[in-house]
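2 protein chains.
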Amino acid sequence: MEYCFGVDIGGTTIKMGLFSRADGLLQKWEIPTKKGTDPKPLLGDIAEEMEKCLSQNGIKKEEIAGVGMAAPGPVNEDGLLRGAVNIGWGDVFLGEEAEKIMGISPVFIGNDASFAALGEYTFGAGKDASSLIMITLGTGVGGGVVLNGQILMGKTGTAGEIGHTTINPFETLSCNCGKKGCLEQYASATGMVRMAEKFLKESDKPSTLRQFDKITAKELWDQAKNGDEMALDIAIYVSRLLGMAIANACYIVDPEMIVIGGGVSKAGQFLLEMVQRAYAENVFPHCRDKKFALAKLHNDAGIHGAAAMVFEKR
Amino acid sequence: MEYCFGVDIGGTTIKMGLFSRADGLLQKWEIPTKKGTDPKPLLGDIAEEMEKCLSQNGIKKEEIAGVGMAAPGPVNEDGLLRGAVNIGWGDVFLGEEAEKIMGISPVFIGNDASFAALGEYTFGAGKDASSLIMITLGTGVGGGVVLNGQILMGKTGTAGEIGHTTINPFETLSCNCGKKGCLEQYASATGMVRMAEKFLKESDKPSTLRQFDKITAKELWDQAKNGDEMALDIAIYVSRLLGMAIANACYIVDPEMIVIGGGVSKAGQFLLEMVQRAYAENVFPHCRDKKFALAKLHNDAGIHGAAAMVFEKR
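Protein chains in written order, with our numbering: chain E, 1 to 314; chain P, 1 to 314.
Hints listed in this document are in silico derivations from the structure and should not be mistaken for laboratory results. Quick caveat, the model's predicted, so the values are computed rather than measured. Ideal Cβ placement from N, Cα and C applies to all residues, glycine included. One or more hints might be untrue.
Output of the computed footprint for chain E on chain P, the stretches with three or more beta carbons under 8 Å from beta carbons of chain E [claimed, not checked]:
{"id": "1", "segment": "153-161"}
{"id": "2", "segment": "170-182"}
Counterexamples of contact, computed for chain E against chain P with all Cβ distances above 12 Å [unchecked claim]:
{"id": "3", "residue": "Gly44"}
{"id": "4", "residue": "Lys100"}
{"id": "5", "residue": "Ile167"}
{"id": "6", "residue": "Leu183"}
{"id": "7", "residue": "Leu209"}
{"id": "8", "residue": "Gly268"}
Using the sequences and the hints, build the whole thing.
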């Protein structure tokens, strides 16, 4: 029982990892995501990959402590995945389905952002913290809460969904989720680009950002670092809303640490410090020196969290 | 070890209760709060009351499982009370001080709003829930989070401080805490009165609220119930911000239930339903039918939570 599989199901690819309790990640690879309304074919692909991996490594099924599987949707406390729109699935008890198809038990499932948070907590930036909130700045804004080694899943599976907390009650445009004023509308890669375009349109101020046909979040942060005044204003604006949302989350769970990951976090220390400053401006004095760190495991956070879940429970 | 004391230290009075494990609250009373920078005289008063109570009831000190003590300030995970401005205290390890003076051990301390939440969870409105957030609408807005029977205290003792989450990032006026746009500026009794005065000033619309020299939160809700259009607009406005802040908190911890207490909650079902509607408009469809309830224990929630803490730990 010294091995496990960590699986992270994304909209495009499925990341897989073979882990040992003693040495962590031994091997990782990816397969394409089979979309559709029925999860069985996709689970069949994963099962096949596992069999191959076991025979290649001379590991018996009985040596596998279990499987952790991150899914791109909310998972409630009964293990019910409440749909995964990017793949085409409705509500499904994904763990039970997987156990039947893989012939391995138990299969633990959870939300991908929450598993990424557990991955950073156990193996990455949060290794020395007792509790953390992780925020993933990508196409959307994801989040996960880990308290004393446990993912906070929540009654309906939406704990940690910081991207859809309302940060602007006066917003008139709708978020992808249907409501208005979500953090994701400002602090995701897409949201940052939207803000940049808005700032540029509403002013005549010269800016190096104007040279791009299509601005990206990367360009925004690069130009801000280069000292472009307008890019810096935009970076400060989105960081302020992000810091505020993090302060709000800390006023609910008050963790030891904040970890920021996702593609946008490649802007690095520059972004981290801007967000941390905005956080500190929005909390009581005695809460100001919270630890902030950049994520370390990047795309592998999910499989690491999935493995951590198995080894912790078994 | 079948008895305990529950104590709730407020800015004006200290509430005390003698509890038995089998029958709950046996006796309750109040004494005035001795203010000052040194907590010892106040702790001495409490100790004296306890001695009297024990001798009156023929209970030996050895039969006391412990003391739970709610304090009006943040208490961090090491048991350090980070000041109680209403009384005059700075940072103090209140539990250790109390154990010395009372000669009873252990003394568990915690934030008053968090203990009230635990009280409702164990003995009140949340008796059948596995987790809850309680929000107290009084002069300020307090809050507490209980997950699986445990108060979430947080690293710095500020978990549950929903009153100081930012709900309006564009506010220009400062909250008592120093920052701008806190929920408390709109949804506390004081905040609601401020909003009412603002609405009345900015419009000529007739309103039964105009008959009062000094509007109170109670009058606001009474007039809204009576069908005064402007009072209703104000009630909807503050309920919307409150519902939004609750939705934000639920997107972080996602509890089974929301309990609303404090003086303003006397507006009852009318207020509760308005807040619940605003909540539902600000969350994903599958989170909409969260349980909402009014608090049941009122001013006794704190001592009940303090007692629950002792009996649960011992």
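Status of each hint after checking the structure:
1. 153-161: holds (count 9)
2. 170-182: holds (count 3)
3. Gly44: Its Cβ never comes within 12 Å of chain P, the nearest being 27 Å, so this holds.
4. Lys100: holds, 25 Å
5. Ile167: The claim is violated: Ile167(E) sits with its nearest Cβ about 6 Å from chain P, within 12 Å.
6. Leu183: Non-interface label fails for Leu183(E): nearest chain P Cβ at 9 Å, not farther than 12 Å.
7. Leu209: Leu209(E) clear of chain P: closest Cβ-Cβ about 23 Å, beyond 12 Å.
8. Gly268: Fine: 25 Å to the nearest Cβ keeps Gly268(E) off the interface.
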